[in-house]
Structure formats: C-alpha cells, structure tokens
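Novice: Quick note, the sequences are listed as chains S and V, same order. The first sequence begins at 1 in our numbering and counts up by one. The second sequence begins at 1001 in our numbering and counts up by one.
A portion of the hints provided could be inaccurate.
As the list claims (entries may be wrong) - Quick list of the computed label-pair ranges, beta carbon to beta carbon:
1. V:D1035 x S:E340: 46 to 54 Å
2. S:D375 x V:N1099: 28 to 36 Å
3. S:E365 x V:D1065: 47 to 55 Å
4. S:G336 x V:P1338: 15 to 23 Å
5. S:R343 x V:A1268: 23 to 31 Å
6. V:Y1033 x S:G336: 52 to 60 Å
7. S:A9 x V:D1065: 45 to 53 Å
8. S:D375 x V:Q1374: 38 to 46 Å
9. S:S364 x V:T1387: 34 to 42 Å
10. V:P1257 x S:G336: 35 to 43 Å
11. S:P17 x V:P1338: 55 to 63 Å
12. S:A28 x V:A1268: 41 to 49 Å
13. V:V1072 x S:P361: 29 to 37 Å
14. V:P1007 x S:P146: 54 to 62 Å
Unchecked claim - To be clear about the criterion: a stretch of chain S counts as covered by chain V if any three or more of its residues have a C-beta under 8 Å from a C-beta of chain V, and this derived list gives those stretches:
15. 225 to 236
16. 288 to 296
17. 313 to 323
18. 336 to 343
19. 389 to 399
Keep in mind that the hints were calculated from the coordinates and are not lab data. Fair warning: this is a prediction, and the values are worked out from it, not measured in the lab. All C-beta atoms in this analysis are idealised placements derived from N, C-alpha and C, irrespective of residue type, glycine included.
2 protein chains.
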Amino acid sequence: MSTAVSPLAPRSVPDLPPIRGIRIATGAAGIKYRDRTDVLLMSFDEGTAVAGVLTTTRCPSAPVDHCRQALVGGRARVLVVNSGNANAFTGRRGVATTNATAEAAAELAGCSPDEVFLASTGVIGEPLDPAKIVSHLAALAEQAAPDGWLEAARAIMTTDTYAKVATASVRIGDVDVRINGIAKGAGMIAPDMATMLSFVATDARIRPEVLQALLARAVAPSFNSVTVDSDTSTSDTLLVFATGAAGNAEPAGADDPALAEFAGALDALLLDLARQVARDGEGARKEIQVTVEGASDPRSAKRIALSIANSPLVKTAVAGEDANWGRVVMAVGKAGEPAERDRLAIWFNDVRVAHEGERDPAYSEAEASSAMRQDIIAIRVDLGLGTGRWTVYSCDLTKDYVAINGDYRS
Amino acid sequence: MSTAVSPLAPRSVPDLPPIRGIRIATGAAGIKYRDRTDVLLMSFDEGTAVAGVLTTTRCPSAPVDHCRQALVGGRARVLVVNSGNANAFTGRRGVATTNATAEAAAELAGCSPDEVFLASTGVIGEPLDPAKIVSHLAALAEQAAPDGWLEAARAIMTTDTYAKVATASVRIGDVDVRINGIAKGAGMIAPDMATMLSFVATDARIRPEVLQALLARAVAPSFNSVTVDSDTSTSDTLLVFATGAAGNAEPAGADDPALAEFAGALDALLLDLARQVARDGEGARKEIQVTVEGASDPRSAKRIALSIANSPLVKTAVAGEDANWGRVVMAVGKAGEPAERDRLAIWFNDVRVAHEGERDPAYSEAEASSAMRQDIIAIRVDLGLGTGRWTVYSCDLTKDYVAINGDYRS
C-alpha cells in the first residue's frame, strides 16, 4: 500500500483565515489511527444557520440519520466529526452513540441536541464507543480557537493523502464576507445528490432556507459530479454553516442580486474541493475530466459522462496513457441514453481522435499519446444530438487503488 | 501483464464430439496476433435454424448490425468469426467489411448473405481489412471438418487465458441429440440482455422461433447475470444453431414437454460457459457468486446483486481476502432498490457476518477470514423484504486487471 502523497496534490495550500463566529479544536482520540488527530469540534455562535445535503443511500450511517433530523431546525451550535470509524451499520448501538455524543456536546454548548451536527468516516460495521469521543469534548470546547482550519481538514482524513481546504472572500452588498471549506475523500466516492464529508462555513448572514437553495444549486456541478470508483458512501455529508457575524443585510432569497458574488464563490469553492477529492482518489495519478456535449439534455449528458468516468476500462487506459477512444465509445454505448454511433466525435485534451463514428482522418498516434502524458486528461465527447452538456470529475484506476483497497480494513 | 493461465481454469476440458450437420475450420489470418489462429469458419447443412441475442449498446459493431438483420430470416449456413479486431466504430468501412465477408462466404456456400453470420472481437475503432479474412475463406471451406470444436474456441480468444467449451447429450422424445458450445471473455464483460461472443450448436431439429424462446429464457440467469467489470461490449453476440440432423420430431413450442430435458441442458450449458467467462475475467483470482434473496422482486434482487458484483471496493476486498461486509452494505445501499438497513443479513461462504443491520453477534474474524481464502466466494444477502431472488457471477479485481488493461491496445 502506497502512503505517498498524490502527485496531483495542490502545489500550494491557501491560508484559511478565521471565520467570525466559529471556533475550532482537534484532538487525538485513538479511535483507529495512532499518532494523529481524529476528532474535530467546531463551535458556532448563536444564530448560525445551517444547510446540508446527505447521502441518498438506503443504508445511511447513524450520524447521517441524526443530521437529516437536525437539519429540519436549520440552526447549528456544534459540529463533531471523527475519522477512523463511520458508525454505519451499527444498529441500535450506533444510534446510542450519536445520541450520547449529541447530548454531551449540547450540554457543553448550552443548546439542544438538534443544534449539534455529527459526522463519522472510516470503517463500516464496527461499533463506535461514544466514550472515546465524549471524553474529549470538554477539553476540545475549552481549547477551541478561531484558527485551525488546516488542522480541522487533517483530523477528518482517512485514506486521503493530503488535506483539502479552500477559501474565498467576497462582498454581499458592501460587506466583506469569507467562506472556508474543508473536505475528505478518497474512496467510496460517487456522491448521489450528496457528497463525501465536507464542511463549509461563512460569516455571511443568510437564512437556512436560502442557504439550502444556494447549496442545492452549487452541489450539482461539483460534488455531485465527482466519482472515484462509482461506490456511493453510507456517510456522505456536506454541511454549510453561516454565522451571520459579518452583519450583512439578510438577502431576500437565493436569487437576491446581492448574493450573486457569494453564490459564484460558493460554486467555485465547492468545485475546488470536489476536484481535490477526485485528484486524491485512491491510487490516482491523473485527474480525468469528462465533458459530454451535444446530448439530448443535461441529465442525459451527465449519465453518459458518469458511464465514461466510472468505466474501469477507460480509467485503466488513462492510467496506462493509452488514447483508447474505443473504450469511450463502449461507455457511451452502454449508458442507455440517446446516442448515435455515426455522429460521435471524441477528443483527448483537444486532440480529436474520432469523428462521425470513425477514427479521425487526421488521427496521429504520436499526438494522441502526447496528450495522454498530461496530468489532467480531459475527455470530450460530442454526441451531435442536442445542447445538453455536463462535466464530471474523476481519476484514473491504478494498481495502487487495488493495493489500498485490498488491505484497508485489516 | 500476466499471461499465465487463470488459476480458476477448469481442471479438465471435455472432449466435444462432432455435431451432425456442422463442419469447422480455423486459420491464422494475422489480423493482430502472431503465431495463433484468429479466424473461425463453421458451415451448416441446409435447413439449420438460428436464434441469437445481441448487445443492447447504442454503439454496436458492424457485425452485430449484420447479425441483427440476418436473424430475421432464422436460417444459417455459415458463421465467420475473427479475433484481434472488433470491427466496431469503423463507420462505412466497417459495413463494407461485413458486406464483403458475408458475400464471399455466401458465394462459397451457395446461399444468401443473410444466411451468413459474422462476429468480430478485439480492438475497437481500427479499420478491419476484409481481404485479410476473405482471402482465407475458400481454403477454410475446403478444410472444414466435423471435428475441431476446441480449436474453434481457441481461435476466438482475445485476452482469455483458456478456451471455453461445454457439451451435453440429451434426448428429445426418443432421439439422442447433442449440444456443444464455445465462448470467449474476458474484459468488457457486463452483458445487458445479450452476451460476449458465444456460439452454441445442436443437431436437434427445432424451429427458429422456438429456439429463440428457449435462448431468451436460458440467457437471463446465465450470460445476462455475469459481470467482470460492468463494461458492456459493442460486440456481444450469442448465437445458437440447430441443424436438425438428429431427426427428432419437431417440437410444437418452447413448452413442449419433449423439450424439457433439452431446455434444462441448454440452461446448464450456458451457465457453465458464462461462469467460465467470469472465472477468466481479466486478472481474476477468485470467482464471486452474489446471491440476493428476500428482495421485493427478482428484478430488484438482480439490480442489487449487480451493484455488489460491480463494486470496485467489494471486488478488491475479495482480492485481498478481506471479509469486508461493510462494503456489501454500501453496495446494497447505493443500488437505489428497496432495502432496509436494519433487516439485512450477509454471509460469506455460509459464514454469517451480519444480522439485523449489525455485525453478527457470533462474528468470528478467524472464521470469516478462513471463508475468504476459498477460490469461490459466495456472497449472500438476505434483504428480509420479499421473495425476490437472483444470482450474479463475477470475479475479483486485482492489480493484474489494471496491468492488462493499462496496456492492451498498444
């Protein structure tokens, strides 16, 4: 098993400034890993709004069930996250663990357990002893400080090889606001109207229902367009917290023109984090960006793009730097969506390899091979049918994926 | 890239007897491979019925298009198959190749091109020169002899590590009839109402529409329940030929009691070949049999079974001999089919690892690990909802799959 940092890790990591109204602490509870942090506590000032999207799996983890219920209230005071154990498929004991954790955190913060948000990531099916987390909460609450975003990102990692952070500063009206985000991957990544673990926070003042509407829009082309291995997790959780400490005038709705810049920054920040997750896919050596255009509609474009991005044969071809567009044809064909063989055109990084259902007349093996040596492989398919378009982000499939996952649990 | 024979290869290969009314020849046309045969010709006596199922891909190969048209007539005189080039996504040149091949074969056999069946397997998107095949047809037709079934199976191999053959003898009424079959895999295997390449022949007398009905039933639990890598090919073709030379009384329909034994043997023969394909999946070291029971209906059971069998995380866990039932839960959850987390029970080779949504109270790591060391890993999931049941056949995902497919085309 390779433990080296992904060659696709960001060259530089931005400094994440404090977000007014938020304090952070991390600790080492020894849940599974040794010699590293594995618990994250964030506390939010009173009045913090929260929005979220959660996995659509039929077998959600206990923390996902807790968050789904807590999101109804739209208010957050505490977030507690652990890595090393997903508290998924743990039955009544799993619920007891989330209840005990939420109650302990609520007591410390002087709030309701419904204002405590929980997430767990790691092994599925192993009982998670709440004492391991609860025993640290008082100390974490005491230590919590405005700085520590990078440490937060590190504490939630499992097989990730680098911490995933992003930040932006924008204006709502004439008020400066900040957005910070962290995320973790790195396998079991195929969010379905949801995501892996990601936590985003802003000091903007935005009502929960407006925040939810902004999030729903932003998640579709970002986290919901990422796939590492087509395997949707039991624990996918994306939460956005807005403390309101910036003091901007409360926007009327998601389409309020004052929110345009904020919405654009949120979109970009989620896409940045989502691509970081794809680029740290287990064993990844190349990022794959699949764009399908000319589809009958965007939904159809997305399904075909996912069919290509999830195809083991396409992913291994990219790993082998082989411009094997025949496998792209195969993946288009199997998607079950409208497509006409004799209208297809396919590009690898701007080198057109296929045109009107045949190999491009100007096809050059040397040119195609050169394109495949890049770090980012953009596969573009024009179906020639309509105006539907979608882009999906993924990574290649290497022997390291097999090595990492053939020996993860033990 | 490993070229060793799969450890799951059959220990012994049956002798396939001649089928009355059929003659076989193989040749080396040098289409892609050196030092091996790559063209197969079968000729059928007049009156031979044919039935078939073909890939449902939106991007079928030119030979698939030809067969779909030719099947309408229900009569066959010649089958020409080549390996090394799939003649898929080859546009007008691909059609010209199938036309030229069918016409040349028809002229030699004194039949219509619609009685000639064609299949090609290998690289997608490379033009296939018909002269390479046509120039061999006269010699092949002359050499054709009743024996040669094993050689036929060898000539159609691509990345297969062993030839796949099966045979059966049964009675229709008081007449002995034989069934022989051959197949090839070994990647891009996820037939969808169709199959990879497989050719089955019998000397039974059965009308084309009855043969088609028998085939449609037999293919559902066999070839249509096999997946190596979830990638459905552009070329999947399964044809069944019935020469009628045995002289049995023509059955009235697929439900004619006289056909019961034949139908059972056809079912078993297709399942045998399909499992041989799964067991020779690229890089396979273990066969995986996923049975989902207690589903709301068989369709739902099949979808969940495929979700498990196609999950890279489940397949790599099996490769690593890790009884990681959490990944099975994940795959059940992501299938989008009715399932209740707290009713699930999961077995690996008769060791119950999960029960009522939690780790089995009697779970023993030693027992589970021992189960995972077998060659065949039977994963059984009881959803506890209804009576729907399905079994899917697959294989593990190893580094060799990545190696084979990261460098296949070049």
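Novice: Are the hints correct? Go through all of them and say.
Specialist: Hint check:
no. : hint                         : in the structure
1   : V:D1035 x S:E340: 46 to 54 Å : 39 Å, violated
2   : S:D375 x V:N1099: 28 to 36 Å : 44 Å, violated
3   : S:E365 x V:D1065: 47 to 55 Å : 28 Å, violated
4   : S:G336 x V:P1338: 15 to 23 Å : 22 Å, holds
5   : S:R343 x V:A1268: 23 to 31 Å : 43 Å, violated
6   : V:Y1033 x S:G336: 52 to 60 Å : 33 Å, violated
7   : S:A9 x V:D1065: 45 to 53 Å   : 47 Å, holds
8   : S:D375 x V:Q1374: 38 to 46 Å : 41 Å, holds
9   : S:S364 x V:T1387: 34 to 42 Å : 58 Å, violated
10  : V:P1257 x S:G336: 35 to 43 Å : 38 Å, holds
11  : S:P17 x V:P1338: 55 to 63 Å  : 47 Å, violated
12  : S:A28 x V:A1268: 41 to 49 Å  : 58 Å, violated
13  : V:V1072 x S:P361: 29 to 37 Å : 34 Å, holds
14  : V:P1007 x S:P146: 54 to 62 Å : 58 Å, holds
15  : 225 to 236                   : holds (count 6)
16  : 288 to 296                   : violated (count 0)
17  : 313 to 323                   : holds (count 6)
18  : 336 to 343                   : holds (count 7)
19  : 389 to 399                   : holds (count 3)
In this structure, the hints that do not hold are numbers 1, 2, 3, 5, 6, 9, 11, 12 and 16, in rising order.
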